[in-house]
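**Q** From first to last, the protein sequence lines are chains A and B.
Each number in this note's numbering comes from the position in the first sequence (counting from 1) with 40 added on.
Each number in this note's numbering comes from the position in the second sequence (counting from 1) with 71 added on.
The reader is advised that the hints may include incorrect statements.
Said to hold, decoys possible - In silico PhoX-like links for lysine-lysine, alpha-carbon gap of 20 Å or less: (1) A/Lys124 <-> B/Lys161; (2) A/Lys126 <-> B/Lys136; (3) B/Lys161 <-> A/Lys121; (4) B/Lys130 <-> B/Lys76; (5) B/Lys154 <-> A/Lys263; (6) A/Lys191 <-> B/Lys136; (7) B/Lys186 <-> A/Lys73; (8) B/Lys98 <-> A/Lys191.
As the list claims (entries may be wrong) - Not close to chain B: a few residues of chain A, all C-beta gaps over 12 Å, as computed: (9) Ser89; (10) Ser220; (11) Glu250; (12) His462; (13) Arg477; (14) Ile486; (15) Lys612; (16) Met720.
Claimed, not checked - Stretches of chain A that chain B covers, calculated by requiring three or more beta carbons in the stretch to come under 8 Å of a beta carbon on chain B: (17) 364 to 372; (18) 394 to 404; (19) 428 to 437; (20) 661 to 674.
Derived from the structure by calculation, the hints contain no laboratory data.
Ideal Cβ placement from N, Cα and C applies to all residues, glycine included.
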Amino acid sequence: MENKKTFPIKGIHCASCVNLLEDSLNKVDGVLKATVNLATEKATVMYNSEKVTDQHLSDAVSNVGYKALIAGEQQHEFDEKSEKQKELKELKIKVIASLLLGGLILWGSFPGLINTAPKILQNFWIQMILSIPVQFWAGWSFYRATVLALKHRTANMDTLVAIGTTVAFIYSVFVTILPSFVESIGIEPMAYFDTSTIIIGLILLGRYFEARAKAGTSEAIKKLIGLQAKTARIIKDGKEQDILIDMVQMGDVIRVRPGEKIPVDGIIIEGNSSIDESMVTGESIPADKTSGDIVVGATMNKTGTFTFKATKIGQETMLAQIIKLVQEAQGSKAPIQRIADIISSYFVPIVLMLAIATFVIWYVFGPEPVLLFALLNMVAVLIIACPCAMGLATPTAIMVGTGKGAEQGILIKDAESLETAHKINTVIFDKTGTLTRGQPEVTDVIVLGLVNQDELLKLAGSIEKGSEHSLAEAIVKAAEIKKLTLSRVERFQAIPGHGVEGIVDGKRIIFGNKRLMYKENINIGKSIDEISNMENNGKTVMMLAIEEKLSGLIAVADTTKESALEGILALKKLGIEAIMITGDNQRTADAIGKNLGIKRVLAEVLPDQKEAEVRKIQAEGKVVAMVGDGINDAPALAGADVGIAMGSGTDVAIEAADITLINKDLKSVAHAIVLSKKTMRTIKQNLFWAFGYNVILIPVAMGVLYPFFGIILNPIFASVAMATSSISVVANSLLLKKKNII
Amino acid sequence: MTIDKIIITTCGLLSIGFVYWFFLMKKSKAVLADGSVDVIVEGGYSPEIILIPRGKTTKINFIRKNSNSCLEEVVLGDFKIRKYLPLNQKITIELNPQKSGEFNYSCGMNMFHGKIIVKE
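Work the whole structure out from these sequences, hints included.
**A** Here is the structure:
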């Protein structure tokens, strides 16, 4: 099968590049003709698609040292953009021509205006000549689409417009050619060329605005695609060189200077900087990064210079994953759309049947001249029906909603998740790593005589350095932050479930919990209230005894994230109950719950029991969202009505999650729910309008108001209504962009 | 009732019957995709019904030959795919369905429809 493909080529500089590329492409077996344009930097290839694949073309280009951008996002972007521009340009010319010619005909035929029009315009023959280009040039697309659809025994809006305008046109031609015959059957010979031409002009105008508005619904994804850096500065054999982003290999070392875009995902090897990640993750505050930290491709380096090792390239980068996820969400269908789907599949044939019924009813029961009334009302029914509005109602809102979410760092897996999220009335938060940082920190260092704070921390840090307990890490880290020099420990001994002991600087040190103190007969009576107080606040208190004498207390706690409290408050404002689930003991869990204003706390829940707890709450009739890290609590996330995962690292495609918050901001849980509510409201408004429009106006066009009020619908007004109905649906979806979800 | 009205009524009823039969009673032939299938997008989808095996990758190549903006996108909602179809270009969608059943696909405006039947 013969095929034609135009694709951009990177790296063309001169006319010789063009010859080289053309030769290479023309040599491919199956390529019929290849031309390369230097100005546009694009190749156009005619080829036999049974013999030639994209890979063959790509290889032919890369063999001579260039890069073909075939079938990738950029290519699709390019095709879509250039085709849209061409389509809009053609439409614009057709709209102007048909409305201009239609306007002249209307001037020469519309009661009230006719007296001011030149005689020539009142002539039916002239009107017919003026209407022919509108009917068969501007309106050609309607005929072509109709014929092709009829071959498949299907029909669409074009079929309705083609039949409607053709009926008006043929009747008018008949009147023009045989006015006396029309008069002889009792009808005043009146042509309706104005109706057919203005209808075509207005529907094309509607299509023009609709195409422009529709482009706006996919703006977010285009913006994301546009974020991609074009080049990277790699360091090879000690030399720096700029290469195209597609050429970057895993493991390449890349240098990034201030103000430059980071090309791919990686890990900083050397240097440090402040990086603005807002464009990709939605995180508003620039992050300070240093060696060992992860950098995300397409984010902006602000101040420092650093080198990093590429760890993810191409489709693996965070940006590529986000784009894929958003594209998938935009391609999915919301359950609410099902009813529109069913109606759409029967709509046009039903309208055709109603139009025929209208003609028959007006002909049999209508007033004189029956033929004219029957024809005009049938045309009005055909023209006013708008299946497009129904087809556009849900997907345009889903596209804007998911795109808006992505801009804020809220990635929604599919339309169904977006739809379910608006019903959420309970949000269960996993504690560790979600509400809290998941890394214990030293919160209190209390001295009880003998040593000062630094000495106490130094002793604790020294003895804990050899321990593998998670709390030990926090204590050693606190000592390191204070730049304390840790001492050597002798006769170190870990006592499981209790603590540690050993000799530091010649003194016997015992460091551990209450049980250890009791075991070693160390009196903690004086500090017992202080210890209980801290424990009630969710802290784990460790006691340090020097030579069997209690000398200090060190409290360690997993601190809550900055956005946790605000996140819970935002949910409360929406009337949504927040629940915390954790494996911690009840007292620690209660303390954190109290700090965050969470009333219902599910403590001592083992990881494999979390899903069952989610199900229990669902059994109470609640619509539940589970918020977790997406790794340890995947079953609970999958079991909830909506699973929300907090993003970590550069992996965004968390399988069990319906929504992923890559901005790591807990307020976004509420934002996601608000976004869902607003999107659903838009969808419902759109569907109500699209259905309501057709349900009300089709009967009006059929003439149901005539027996009561003498009102019938002029087909020209029908075309105005039809053209505005689908634009209004798209415009309403676009309004969602302006709505505040924060 | 005059003769012309009787004729119009009869023709009208016959036309309604014809429209019903022509559009709503059509039976499309399902085409078995053996690894890959070309779907011509021109006033609808040919073939309209595609049979594909479960658990195997099948390439569906959409080639749009019609400039009608209605058909410029194809939506396979159950597979979360919405693809722009540039005119006269082959756009391949790879499916590896793990569930058998019938899955509808449509144009972006939901006016033209097709069906993918996944068989065991």
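**Q** State for each hint whether it applies.
**A** These are the hints, each one checked on the structure:
1. For the given pair, A/Lys124 sits about 18 Å from B/Lys161 by alpha-carbon distance, which is consistent with the 20 Å threshold.
2. A threshold of 20 Å between alpha carbons decides the hint, and for A/Lys126 with B/Lys136 the separation of about 16 Å falls inside it, so the pair holds.
3. As the CA atoms of B/Lys161 and A/Lys121 are separated by approximately 17 Å, the hinted pair is consistent with the 20 Å bound.
4. In summary, the hint linking B/Lys130 to B/Lys76 is not supported, as the alpha carbons are separated by about 55 Å, beyond the 20 Å threshold.
5. With a C-alpha separation of about 17 Å, the suggested pair B/Lys154 and A/Lys263 falls inside the 20 Å cut-off, and the hint holds.
6. Pair hint A/Lys191 plus B/Lys136 holds up; C-alpha atoms about 14 Å apart against a cutoff of 20 Å.
7. Pair hint B/Lys186 plus A/Lys73 does not hold up; C-alpha atoms about 36 Å apart against a cutoff of 20 Å.
8. Using a Cα cut-off of 20 Å, the hinted pair B/Lys98 and A/Lys191 holds, with the two alpha carbons roughly 13 Å apart.
9. With a least beta-carbon separation of about 6 Å from chain B, A/Ser89 fails to lie farther than 12 Å from that chain, contradicting its non-interface assignment.
10. No beta-carbon of chain B is positioned within 12 Å of the beta-carbon of A/Ser220; the least distance is around 19 Å.
11. The Cβ of A/Glu250 sits about 9 Å from the closest Cβ of chain B, inside the 12 Å cut-off, so the non-interface label is violated.
12. Residue-level check passed: A/His462 sits 19 Å from the nearest beta carbon of chain B, beyond 12 Å.
13. With a minimum CB-CB distance of about 34 Å to chain B, A/Arg477 clears the 12 Å threshold, and the non-interface call stands.
14. Non-interface call for A/Ile486 relative to chain B: holds, since the shortest CB-CB distance, roughly 56 Å, exceeds 12 Å.
15. The beta carbon of A/Lys612 is kept farther than 12 Å from every beta carbon of chain B, the shortest such distance being approximately 34 Å.
16. No Cβ of chain B approaches the Cβ of A/Met720 within 12 Å, the least distance being about 17 Å, so the stated non-interface status holds.
17. Remark: the stretch 364 to 372 of chain A is confirmed as covered by chain B, as 6 of its residues place a Cβ nearer than 8 Å to a Cβ of that chain, reaching the required three.
18. Counting residues of the stretch 394 to 404 of chain A whose C-beta lies closer than 8 Å to any C-beta of chain B gives 6; at least three are required, and the coverage claim holds.
19. Restraint check on the stretch 428 to 437 of chain A versus chain B: 5 residues with Cβ-Cβ distances below 8 Å, three needed, restraint holds.
20. Coverage of the stretch 661 to 674 of chain A by chain B is violated. Counting CB-CB distances below 8 Å, 0 residues qualify, and the rule asks for three or more.
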